[in-house]
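UniProt numbering applies: residue 1 is where the sequence shown begins, and numbers increase by one.
For the record, the hints were derived by calculation from the structure and aren't laboratory data. Note that the coordinates shown come from a computational prediction; the quantities given were computed from them, not determined experimentally. Worth double-checking, as some hints may not be accurate.
[As the list claims (entries may be wrong)] Distance condition first, Cα-Cα at most 27 Å in a straight line; then the derived DSS-like pairs of lysine-lysine:
1) Lys-72 x Lys-371
2) Lys-40 x Lys-220
3) Lys-72 x Lys-191
4) Lys-40 x Lys-403
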Amino acid sequence: MAVGSTTQQTSIHSVTPPQAQHEIAPSHAVSIAPRWNESKVMTWRVTATFWCTLVMGANDAAYGAIIPYLEKYYQQSYTIVSLVFLSPFVGYTLAAVLSNPIHQHLGRRGIAIGGPACHLLSFAVISTHPPFPVLVVMYVFIGFGSGIQNAAWNVWLGNMANSHEVLGFLHGFYGIGATISPLIATSLITKAGWPWYSVYYLLAGAAAIEFINSASAFWKETGPKYQQEHANSPGQGGGGLRQTRHSLTYRVTWICSGFLFLYGGVEVAIGGWIVVFMTNVRHGSAFASGMAETGFWLGITVGRFVLGFVSPRIGAKLSVALYLILAIVLELLFWLIPQFIVSALMVSFVGFFLGTIFPGVVVVATGLLPKDLHVAAIGFAAAFSMGGGAVFPFMIGAIAQAKGVSVLQPILLAMLAVALGMWGLLFRVPKPRSLHDV
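The task is simple: from the sequences and hints, build the whole structure.
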C-alpha cells in the first residue's frame with residue numbers, strides 16, 4: 001500500500017446506531033479511503049483534475065518562452081517584465097484565504113467552476129495583447145484560479161488510497177502541460193513567425209475544455225454535501241476562515257509552507273529564466289535554448305510519473321530529502337561546467353528529481369495534520385509554493401537587471417540548501433501512531 005493509503009480517510013462505516021451518528025466513531029470502525037477508479041464518475045472527476053493541472057502547467061511554463069519577447073514587445077526592462085511573475089502572488093494569497101470558505105459554501109463545484117473561469121477569462125484577454133498593466137492584472141486572476149485548484153485537488157487526491165501514485169499523476173500532468181507549452185510556444189514564435197500572444201489562443205481553448213469538463217464532473221459536489229462529508233470532523237462548524245487560523249497553530253503547516261515557498265521559487269525560476277540564461281550565458285540559439293526549458297519540464301514530468309512509485313518504498317520524508325540532495329549536486333554541476341550540452345542535460349536531471357517533491361510534501365502534511373484542517377493547511381502551503389514561484393523569479397529578474405542573468409545558479413543553489421535544512425525540521429515532528437511510512 002502506498003504512503004498515505006492507510007492513513008487517509010473520507011468516510012467511516014461502523015455499527016453505530018442512527019442516534020449516535022454524530023458521536024466519535026467506535027474503535028472497531030472501518031476506515032475506507034476512496035479509490036480513483038471505484039466508479040465511472042470518480043474516474044471522470046479524477047481525470048478532470050488532471051486536465052486542470054495540465055492547463056496550470058502549460059501557463060506556468062509559457063513564461064519562460066515568452067519573457068524575451070515580452071521585453072521587446074512592451075519595451076520594458078527585466079525588472080518591469082518580471083511583474084508577470086510577481087502579480088500572480090496576489091491571486092495566490094487570496095486563494096490561500098478563500099479556498100476553505102469556498103469549499104464550505106460552494107463545495108468542490110465552486111472550485112471546479114471558479115478556477116477554470118479565471119483561466120479562461122485571463123487567457124482570452126491576454127490573447128488580445130492588451131496594455132502591459134492589463135496584462136499584469138490578468139495574471140492576478142490566473143494566480144487565484146490556479147491557487148484554489150492547486151489546494152483543492154491536492155487535498156482531495158491526497159486523501160485517496162495509493163495517494164502517492166495518484167498525486168504523482170496529478171503533478172505529472174502539470175509537467176506534461178509544462179513540457180509541451182514552451183515547445184509549442186518556441187516553435188510557433190521562432191519557426192512559424194507567430195507573435196508571442198498567439199500562444200494564448202491555444203491556452204484559451206484548453207481553458208474552455210477545462211471549464212466545461214470540470215464543472216460537469218463536479219456539478220453535484222455542492223457546499224451542503226461537502227459540509228455533510230466533514231460533519232464528524234473535529235473543529236468543523238467554526239467557518240472556513242477559523243479553520244485556516246487553526247491550521248496555522250500547527251508547526252507542520254509553517255514548515256511545509258516555508259519549504260514549498262522555496263521549492264516553488266526554484267521550479268518557476270528555472271523554468272522562467274532558463275531560456276534567457278542559456279541564450280545569454282551559454283550562448284545557445286533561441287530554439288536550442290527553448291528546447292533546454294522543454295528538457296527541464298520533461299524531466300519534471302518523467303520524475304513525477306516514475307518516482308511516484310519509488311517514493312512510497314523509501315518513505316515520503318526520506319525520499320524528499322534524498323531528491324533534494326541529488327538536485328543540489330546536479331545544480332552545482334550545471335553551474336560549474338560552462339558547456340551548453342552539459343547544462344541542458346543537468347537541468348533536465350534537476351527537473352527529474354525535483355518533480356515528485358511537491359506530491360511528497362502533500363502526503364507528509366496530510367498524514368501529520370487532522371483531516372478537517374487538510375484543505376485549510378494544504379491550501380495555505382500550496383499558495384506559499386505558488387507565491388515563491390512569483391516572488392523569486394521577480395527577484396532574480398531584478399538582480400539580473402543589475403548583475404546579469406548569471407546570478408541564477410548561485411541563487412538557486414542557496415535556495416535548495418535552505419530548503420533542505422528546513423525539511424530536516426520535519427524529522428523532529430513526532431509521528432502520529434497511525435502513520436507508519438512517512
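Going down the list of hints, with the structure as the test:
{"no.": "1", "hint": "Lys-72 x Lys-371", "in the structure": "49 Å, violated"}
{"no.": "2", "hint": "Lys-40 x Lys-220", "in the structure": "14 Å, holds"}
{"no.": "3", "hint": "Lys-72 x Lys-191", "in the structure": "18 Å, holds"}
{"no.": "4", "hint": "Lys-40 x Lys-403", "in the structure": "55 Å, violated"}
Comparing the model with each numbered hint stated earlier shows that hints 1 and 4 do not hold.
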